[in-house]
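Colleague: These are the residues of each chain, in order.
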Amino acid sequence: MSPISLIARKESGELLKSGRGLAWLLALSVILSVLSLLLVSNTELSLLDNAQVVYMVMGTITALGALLAVVLGSDAIAGEKERGSLVPLLLAPLSTSDIVLGKMGGQVVAWGVTYLLSLPYLWAVGSSGQNLFEAIAYLALLGMPVVLGFGFYALGLSARFGSVRAALITALITLMLLASPLLLGPGLRQSAIGKVFDAVNPFSAAVNSFDSVVIDSQPLSMQLGRFLVTLIWLVMTLWFARRSVKIAEI
Amino acid sequence: MKGITLCLGACLLLIGSGAAWAAERLEITLVADKTNPPSPQMGDHMKFVSVIRNNSTVAAQGVVAWISLIQMDPGHEQPLDLEDWSAHKAVTRTSMAPGEQITVEWPMRLIQAGDYRVVISAVERSTPHIVTSPFIDFHIKRKPVVESQRILPIAIGVPLILGMLTLWRIRKRA
Amino acid sequence: MLIEIDKLKLVLRGRQILAGVNMHMQRGEICGLLGPNGAGKSTTLSVLTGLREATSGSVLVLGMDARSQREEIHRQIGVLPEQAGFYDWMSAPDYLRWFASLYGRRLTAADTGQHLARVGLDVKNNEPIGTYSRGMRQRLGLARALLNSPKLLVLDEPTNGLDPRGRREIHDVLLGLSQQGDVGILLCTHLLDDVDRLCNRIGILHQGKTIVEGNLAELLATLQAGRRYRLHLLSPPRDAALPPGVRLIAKRGEWWHLDIGAVASPDAVWRALLDRGWVIAEIHAEGGGLEDLYLKLTMTEVAA
Numbered sequence: 098m099s100p101i102s103l104i105a106r107k108e109s110g111e112l113l114k115s116g117r118g119l120a121w122l123l124a125l126s127v128i129l130s131v132l133s134l135l136l137v138s139n140t141e142l143s144l145l146d147n148a149q150v151v152y153m154v155m156g157t158i159t160a161l162g163a164l165l166a167v168v169l170g171s172d173a174i175a176g177e178k179e180r181g182s183l184v185p186l187l188l189a190p191l192s193t194s195d196i197v198l199g200k201m202g203g204q205v206v207a208w209g210v211t212y213l214l215s216l217p218y219l220w221a222v223g224s225s226g227q228n229l230f231e232a233i234a235y236l237a238l239l240g241m242p243v244v245l246g247f248g249f250y251a252l253g254l255s256a257r258f259g260s261v262r263a264a265l266i267t268a269l270i271t272l273m274l275l276a277s278p279l280l281l282g283p284g285l286r287q288s289a290i291g292k293v294f295d296a297v298n299p300f301s302a303a304v305n306s307f308d309s310v311v312i313d314s315q316p317l318s319m320q321l322g323r324f325l326v327t328l329i330w331l332v333m334t335l336w337f338a339r340r341s342v343k344i345a346e347i
Numbered sequence: 003m004k005g006i007t008l009c010l011g012a013c014l015l016l017i018g019s020g021a022a023w024a025a026e027r028l029e030i031t032l033v034a035d036k037t038n039p040p041s042p043q044m045g046d047h048m049k050f051v052s053v054i055r056n057n058s059t060v061a062a063q064g065v066v067a068w069i070s071l072i073q074m075d076p077g078h079e080q081p082l083d084l085e086d087w088s089a090h091k092a093v094t095r096t097s098m099a100p101g102e103q104i105t106v107e108w109p110m111r112l113i114q115a116g117d118y119r120v121v122i123s124a125v126e127r128s129t130p131h132i133v134t135s136p137f138i139d140f141h142i143k144r145k146p147v148v149e150s151q152r153i154l155p156i157a158i159g160v161p162l163i164l165g166m167l168t169l170w171r172i173r174k175r176a
Numbered sequence: 076m077l078i079e080i081d082k083l084k085l086v087l088r089g090r091q092i093l094a095g096v097n098m099h100m101q102r103g104e105i106c107g108l109l110g111p112n113g114a115g116k117s118t119t120l121s122v123l124t125g126l127r128e129a130t131s132g133s134v135l136v137l138g139m140d141a142r143s144q145r146e147e148i149h150r151q152i153g154v155l156p157e158q159a160g161f162y163d164w165m166s167a168p169d170y171l172r173w174f175a176s177l178y179g180r181r182l183t184a185a186d187t188g189q190h191l192a193r194v195g196l197d198v199k200n201n202e203p204i205g206t207y208s209r210g211m212r213q214r215l216g217l218a219r220a221l222l223n224s225p226k227l228l229v230l231d232e233p234t235n236g237l238d239p240r241g242r243r244e245i246h247d248v249l250l251g252l253s254q255q256g257d258v259g260i261l262l263c264t265h266l267l268d269d270v271d272r273l274c275n276r277i278g279i280l281h282q283g284k285t286i287v288e289g290n291l292a293e294l295l296a297t298l299q300a301g302r303r304y305r306l307h308l309l310s311p312p313r314d315a316a317l318p319p320g321v322r323l324i325a326k327r328g329e330w331w332h333l334d335i336g337a338v339a340s341p342d343a344v345w346r347a348l349l350d351r352g353w354v355i356a357e358i359h360a361e362g363g364g365l366e367d368l369y370l371k372l373t374m375t376e377v378a379a
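Residue numbers (the numbering used here), protein chains in the order written: chain A, 98 to 347; chain B, 3 to 176; chain C, 76 to 379.
Derived by calculation from the structure, the hints in this document are not laboratory data.
Heads up, a few of these hints could be off.
Said to hold, decoys possible - Where chain B lies over chain A, by a calculated footprint (3+ residues, C-beta under 8 Å):
| no. | segment |
| --- | --- |
| 1 | 114–124 |
| 2 | 215–224 |
To be verified - Computed Cβ-Cβ distance ranges for the label pairs, DEER-style:
| no. | chain 1 | residue 1 | chain 2 | residue 2 | range |
| --- | --- | --- | --- | --- | --- |
| 3 | A | D313 | B | L169 | 42 to 50 Å |
| 4 | A | V127 | C | E79 | 32 to 40 Å |
| 5 | C | D81 | A | A296 | 38 to 46 Å |
| 6 | B | D35 | A | L321 | 50 to 58 Å |
| 7 | C | A343 | B | L169 | 55 to 63 Å |
Glycine residues also receive a C-beta, built at the ideal position from the N, C-alpha and C atoms.
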């Protein structure tokens, strides 16, 4: 097995086998469960409301996935350094690139686990409504670059700052900033600045696509621009992570 | 004096009859399509068909016809925004020749349960009021879109399984 | 030559950290790297192991450049860093198995058991490393360093956190390795007892510079620094004659103060005394010998 796979396997093991990792997954499932249970009590939903619920669940899954990615990414380099487990890794016959790519592989697995964990919830709330298949597909297609991008960004910060706390705070502030337009609502996003921000914000791109596909039943061809925004985000954060590890003295 | 009164009366009669004659220039019919489900429920598709005919001897200019949907549930009466129900909300014609008729289909997806009334309205340039079709009332049955039999096992089961896994892991460690 | 460091200098963020380090070590030697806090010992190790790039000077490990060929060097050396960090959620056998796989090695359960037994770690398979004491973690770190049967073992404070028995056990492991003749051991420590017992070669750093480097016995002999111990005997010895090179300084009641000279290893002297019927209850190192040498040299540097 390649060193990258070995490190990715270790990272995945930490998520799936350690108490801390399992507790994270438990917390994720509880949040999704609470969201779903709130719906059970509401019997006045229209078909449109159901589509909005599916859209809301997709947005929540993407946000939770990004949050987990930020936590894992912030710990990736700085956490190992603080616990003293980074130096032994650097003294093994691995390149720094192997270590970073392995950590990124761990991020991919973490998103995969989050996505699989969320599928039963999506099915439960959306199976009687519209566009469930599209919801599942678009969550994978757009959710992945957005979530992984946040993970790589946090990993880069972890390398630069050398401190888990500093990396986590900075990454969380960025996440909140990019998620903020969604909290403001469509009215406030109609200004010139709001529109520009919406256009370049990967989080907005993903969530607006979910809206268009699940609620308005728009086709893929109308989402290509937004998909491109999420891909650019992914590429930029990948570059940032690799560059940060290179220039930081880890 | 008598002559002026008679003249005025004749003018009024002419204007009145002219108005009555103009109101009948457009005629609109509305029927439910035969393929509509007999007992529609949320998520179904329905279609209404209307025929707009120019009954006059003069061409009707700038004809605009549109569909309106009104919720009739007692206490919840309101006109509905057809944004999510239908993409086909209106037709226009620059001119309709005397005797010309157009058939228009009005498809829609049934988004919400309740009692509804659908009507087609039309105007043309020289008629000073709206012309409407007869109403069609229909009921949309509720379809459960959030099935608790599906949600409850997932919402309770997934955290339960993960919780047991976490506990087992902690016990194994101890 | 396992290690060849010549005129190593390192400047970090405008500060001169290393100002001329020299070190040479052959196969089979145990070399002690000494120096006061902040002398540059750990920094020297980080350059030696390729983690930092030297500003100037030559650093060769196993004949290869320490920085540019570090991956290949890492394949052949084992390192125990000062802070022995692990993945606390893993068990020791799982951790060793995973770490060995980074070297392309597959360990069976028997292999991991052997590795752990070698360093005196007796652990239940499923105990996570997070529950280990400091001493256990140190032993596990040594097991990790020995996984790839290294040609050079670099140990930074290896007996940190160990009780006297534990320290002795680690010493025995290191002596055993050295006696095989293939392995060189570089020991970075501030514990003179460890150096005294283990090392046949030392280098002393002070303010980022090597102030002395060479064979320990020769250095002691050159500087006429003996090694003094006091022994507590339970009964008067059957044969009070001392082995060659050992001299009695004083006798106070049951305490015998000896100078074992510069050449003999303490272990060999105690064995010889035991053979002569000496019933030794305690042995304490006293001032003189390595400690004298160290203090003399580092204070000379300070004065200069």
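Colleague: With reference to the structure, classify each hint as holding or not holding.
Modeller: Now for the hints, and whether the structure bears them out:
| no. | hint | result |
| --- | --- | --- |
| 1 | 114–124 | holds (count 7) |
| 2 | 215–224 | holds (count 6) |
| 3 | D313/A with L169/B: 42 to 50 Å | 44 Å, holds |
| 4 | V127/A with E79/C: 32 to 40 Å | 60 Å, violated |
| 5 | D81/C with A296/A: 38 to 46 Å | 60 Å, violated |
| 6 | D35/B with L321/A: 50 to 58 Å | 36 Å, violated |
| 7 | A343/C with L169/B: 55 to 63 Å | 57 Å, holds |
Of the numbered hints stated above, those contradicted by the structure are hints 4, 5 and 6, listed in ascending order.
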